[in-house]
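Assemble chain B onto chain A, guided by the hints.
2 protein chains.
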Amino acid sequence: MTTRQQILLKTRPEGWVGPEHFELRESVIPSAQDGEVLIRNHWLSLDPYMRSRIAPEKSYAQGVEPGQLMVGATVGEVLESHSDTLAVGDWVLSAGGWQTHATMPAKQVLKLDTDGVPASAYLGVIGMPGITAWTGLMTICEPKAGETVVVDAASGAVGSVVGQLAKGEGCRVVGIAGGAAKCDYVVNTLGFDACIDHRAENFKQQLAQAVPQGIDCLFENVGGEIFEALLTHMNPFSRIALCGMVSEFNRAPYGHHTIRSILINRIKLQGFIVSDKPQTWPAIREQLRARVLGGQLQFRESIAHGLENAPAAFVGMLKGENFGKQLVKLTP
Amino acid sequence: MTTRQQILLKTRPEGWVGPEHFELRESVIPSAQDGEVLIRNHWLSLDPYMRSRIAPEKSYAQGVEPGQLMVGATVGEVLESHSDTLAVGDWVLSAGGWQTHATMPAKQVLKLDTDGVPASAYLGVIGMPGITAWTGLMTICEPKAGETVVVDAASGAVGSVVGQLAKGEGCRVVGIAGGAAKCDYVVNTLGFDACIDHRAENFKQQLAQAVPQGIDCLFENVGGEIFEALLTHMNPFSRIALCGMVSEFNRAPYGHHTIRSILINRIKLQGFIVSDKPQTWPAIREQLRARVLGGQLQFRESIAHGLENAPAAFVGMLKGENFGKQLVKLTP
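Chains as they are written, first to last, in this note's numbering: chain A, 1 to 332; chain B, 1 to 332.
In isolation and in its complexed conformation, chain A is listed as follows (with noise of 0.2 Å):
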């Protein structure tokens, strides 16, 4: 096998993002040179981060040029390996951008051990999903037990673990998610105490009735009237881990008129992005691996198959039509 697949962003979306925006594409598997090695993609994973490297504006990491194959975290297999320090056989996580193989030094690739977990939950629940719910939880909200911690976006690959984490530390978690089904799932098999329908026509009743004490930490991943809703029942000296605002990627952004509350309650608000602190993820890879074998921490994959299909899995993914981590797979 000398090719490979690779999807390329095509053009930057304005407004909603959709597969006419990528182009699959062959082209020639380079050779693994001295120090390098060649790896088989088996997974991909699709994340929100995503869509900032492909918008117009401005984010916190460099963009995606049209032409450029599309970035991402992949799972996969070494074919070939010039290095000592990988074989043949070997299953990784790299940065491997949404193509079937691809050849890079060995130095950036982490070998992985998946005695009793899936490769694949490198890329979410023990991947940087897990270690953004753990940074965002434990450094910025730091929930001491008794308090409410409140999440959206709560059966996602970050939500899902920033709930089991909170119940972990002995909080009262309270979740926001879109539809039934999924607040079934985080209240039945991921364990919190609660989980509103951000759908519901009485969203914002049952959202007080949810969390009659306030809340202390609140994991912020989509923004917009969510945000707003949930930032009138903070408590005085609460924490805001803005990690995402999901639902602001294609519209104007959303006014939010409460701000007054983080001075009246003397709020910290804090935004963060995982990758600026690489130094800190072994150790927390480790406690989240410890979590999963130990069964304190469920989750839930969306899985598309065939690299072809990564754009309309990406797009329904920032629609909310996944259930839990989105991956691609790559192998048949």
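Calculated directly from the structure, the hints in this document are not laboratory data. Each hint can be trusted.
Cut-off 27 Å, straight-line C-alpha distance, at most; resulting in silico cross-link-like pairs (DSSO-like, lysine-lysine):
| hint | chain 1 | residue 1 | chain 2 | residue 2 |
| --- | --- | --- | --- | --- |
| 1 | A | K107 | A | K277 |
| 2 | B | K277 | A | K144 |
| 3 | A | K204 | A | K167 |
| 4 | B | K144 | A | K277 |
| 5 | A | K319 | A | K329 |
| 6 | B | K277 | B | K107 |
Quick look at chain B alone, frame taken from chain A:
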């Protein structure tokens, strides 16, 4: 003398507060009991937080009810003492309220050292406003030498101290103030690097020119359009101490569309109220006092004369008509 003048809240203002919301009355001065002192108030402090206390909406402290004495800090002289800790003639700081005389427990009163600093400074530069400036700047913003610090209401009791302290830390300091006279004072007397008149037609252009390296620390007193404009210049990993939103008292809250900047730039935005940490006040006051004595902290006062003029001076202060710390002189 057995009677005193007091100003009570008459009705809660909806929209702009005016002198008609207050009433002056004479009342008998309660005699001082064991452990108490009788104080002749010389100076009454007028501060923006008082507007929150008379608002119908919830704020961070208990409100003043119609018919009750207006709250406020005062500096005065002990006329009569039934306490071992204070003597007749001592100058003291207390929460004396809007009245000419107060009877209160000696332990609720701070004896002042007026050696080298005027007594009124304990209501401003080395009082609550100065301590507010220190707390927000030093514990939330934590500016480093070479960083750019911006403060609005820059000529006021809090803003003037923020900027001078930041200069002392080796920062580039930019003030926002209302009008050319205040800006002239901010630059030429207080020593800020630049000051922008927020009433100028090309305010946004001037702001962009004044912070060519972006903003690392923002000390926010005003809120609304000014805060929104400043948010667009925040640097990655910048900090915002949210101290006040004085522009928001008399109107519907401004709609902020730039919250995404907090995420993208990993900004820490934190509200604070200086009275939350009274245990920190003595040490901070000593730091400020040393800087006043050493000439590193300049200050300016706007003085209204006579308790009967306190309501008009208070309303004027909320409109930015004061220039420096607003006081009422209660003695001839």
